Amino acid sequence: MRGRRFVGAVPVLAGLILGLVALGPALKPGFVLRYDMVFVPDPPVMWQVSGFPRAVPSDLVVALLSHIAPAQVVQKLILVGIFVLAGSGAAGLIPGDRPAPRVAAAVFYVWNAYLAQRLLLGQWALLLGFAGLPWAVRAAARGGGPWRLALALLPAAIGGFQAMLVSALAVLPVAATRPGRRLRGTLEAVAVIAVLSLPWAIPALLSEAVTDPAGVEAFAPRADGPFGTVGSLLSLGGIWNAEADVPGQSAWWLATARLIIAVIAVAAFVLLPRPLTGGQTPPQAPAGDDTPPQVPVSGEAPAQVPVSGEAPYRAGLLLAACAGLVIALTGAYAPGMLKSLIAWWPGFGPLRDGQLYIAPLALVQAIGFGLFTGRVCRPEEGRGGVRGGVVMTAVVAALLPVLVMPLFAFGAAGRLVAVGYPEEWRRVQAIVNGDPRPGALLSLPWGAHRAFAWNGGRVILDPATKAFARRVVWNDALAVGLGRGRILQVAGEDRLGRRIGAVLGTRTGPLTAVLRAAGIRYVLIVRQNENTFRSRLPGAVPAFVGREMTLLRL
Amino acid sequence: MVRVLAALVVGVVLAIGASISVVNVVAPSPQPPNKPLYNYGNR
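One line per chain: the protein sequences are A and B, in this order. Its first residue numbered 1, the first sequence is counted upward by one per residue in our numbering. Its first residue numbered 1001, the second sequence is counted upward by one per residue in our numbering.
The hints are simulated quantities; they were obtained by calculation from the structure and are not laboratory data. The structure displayed is predicted, hence computed values, not measured ones. Backbone N, C-alpha and C fix where the C-beta goes; we use that ideal spot for every residue, glycine too. The reader is advised that the hints may include incorrect statements.
As the list claims (entries may be wrong) - Listed next, the stretches of chain A that the computed footprint assigns to chain B, with coverage defined by at least 3 CB atoms under 8 Å from CB atoms of chain B:
no., stretch
1, 193 to 207
2, 248 to 259
To be verified - Here are some chain A residues pointing at chain B (derived, C-beta under 7 Å):
no., residue
3, Gly-389
4, Val-391
5, Met-392
6, Thr-393
7, Leu-403
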């Protein structure tokens, strides 16, 4: 019993330790603010969606949890939880009860370019789905009813649309190809995914959001090392944003080592399907038994050994990994196809960021790396017991993912740090949220992203979009640098935002009446253009004037 | 024995590579990070 507990606890511990090492300075008091990762103190509990519901229901869950613990504590628990959940989940997919392959799988799944780059892009909600993916795959492969799958998909459901899409990509093929009741399992999986997707799917259909096909070019996978886009994707990198790269990631020797490990891991997943428990012969299933055979995992009685010796998720997960890779490569090499699809129906918009769909490939590689480690570190026949050499080999193998991407440590060498919001933000938040009269808040300057000195100049989504208990009108158009000073503008999705943007950009003269007519009650101006813009708002009453922010009431 | 030696060699080589990478990144760079500041990102 103690041995099983140990085997189960080691991957959890590995995920926790690596999470603490990776986050490092981000775990100090304060908020970690980077790109899409914007947490604010005392976030309002509200269900109002403008444009495509990207932060639904993740922001609402954070707001609710912030009533139990401070928002910064909630953020840190989520970030550390991602590592623990991911590591323990990946380990749970390794057949057998030997700790070395399980720890190796856990280390690989929490320390890879995919997780690191998405974290540096601030996409914690997607990473909730990534962390829950092994659990969802396991539930889909084992069957056991919709409730088990629903529980496993809960992190993805909280994360929202990206997390659910990535999970669906893996869960459906696994359910459809597992031994046993495939049709029933597939229908159950479809139903569970559909129900858990309702919180964002309904607002998405009602939002009248539009998707600019130009986003395909902006968000296509790219080469982040010497092996081109394909090599980068196989190494689980290839994100579109160069500033989400892990420091030192593109060094040829590390990129080469990562690619070699990736190829070995995929080969091991394909070629080493049998449980590595050491010479046991699988029993034959009774005639007429259609219950899904299951892989023995740590902590479970090995009563149901797979009839074929294969893990029940193997075919489905491999299919999902291939499909994800094809989606990513389509964005890179056949963008016209994606543009046509998005122009035909904006619902294809989520495919434009194709690199995110290689999450099942990351899981394939993690399991393959675990299997490979198990094969390399198996005790020599006839000698019995665990020898020092085996332990040393296992330790080196388990540390390989860290050694080939060392600068993910300590907040990716300082990219992820915790900072505090200036007092001005809290005062403006109190004024706006304390006002019972309705009306939206217009956030200026008219751009989606900010780079505050108090946040070390790191680019973040405008915090105003999360801080106020009323509709915030902001410019959700995205500007992506293409090199040599060229900027690609991806049009915004929120129709009201587009209308206000047109007014701000084309009209001259007073704007007070126009903005009031559009339902704007507050105008928040952060530093830039303050003097210029205030002159265009005659009759506006300053509700707060500080060094960084000015709040005007119309 | 061969496996242990191979593991040691691989481990040492990668540890040296990782150390070089850390030194390269940590060393002062004339280019400021995160530019341009107001873009969602660069490609």
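How the hints compare with the structure:
Residues of the stretch 193 to 207 of chain A lying with their CB closer than 8 Å to a CB of chain B number 0, which falls below the three-residue condition for coverage. Only residues whose C-beta sits within less than 8 Å of a C-beta in chain B count toward coverage, and the stretch 248 to 259 of chain A has 5 of them, enough to reach three; the restraint holds. Checking Gly-389 (chain A) against chain B by beta carbon gives a least distance of about 4 Å; that is within 7 Å, so the hint holds. Annotation: interface hint on Val-391 (chain A) violated; nearest CB of chain B at approximately 10 Å, more than 7 Å.
Among the interface hints, the one on Met-392 (chain A) holds; its C-beta lies about 6 Å from the nearest C-beta in chain B, closer than the 7 Å criterion. Nearest Cβ of chain B to the Cβ of Thr-393 (chain A): about 4 Å, under the 7 Å cut. The hint holds. Checking Leu-403 (chain A) against chain B: minimum C-beta separation of about 4 Å stays under 7 Å; hint holds.
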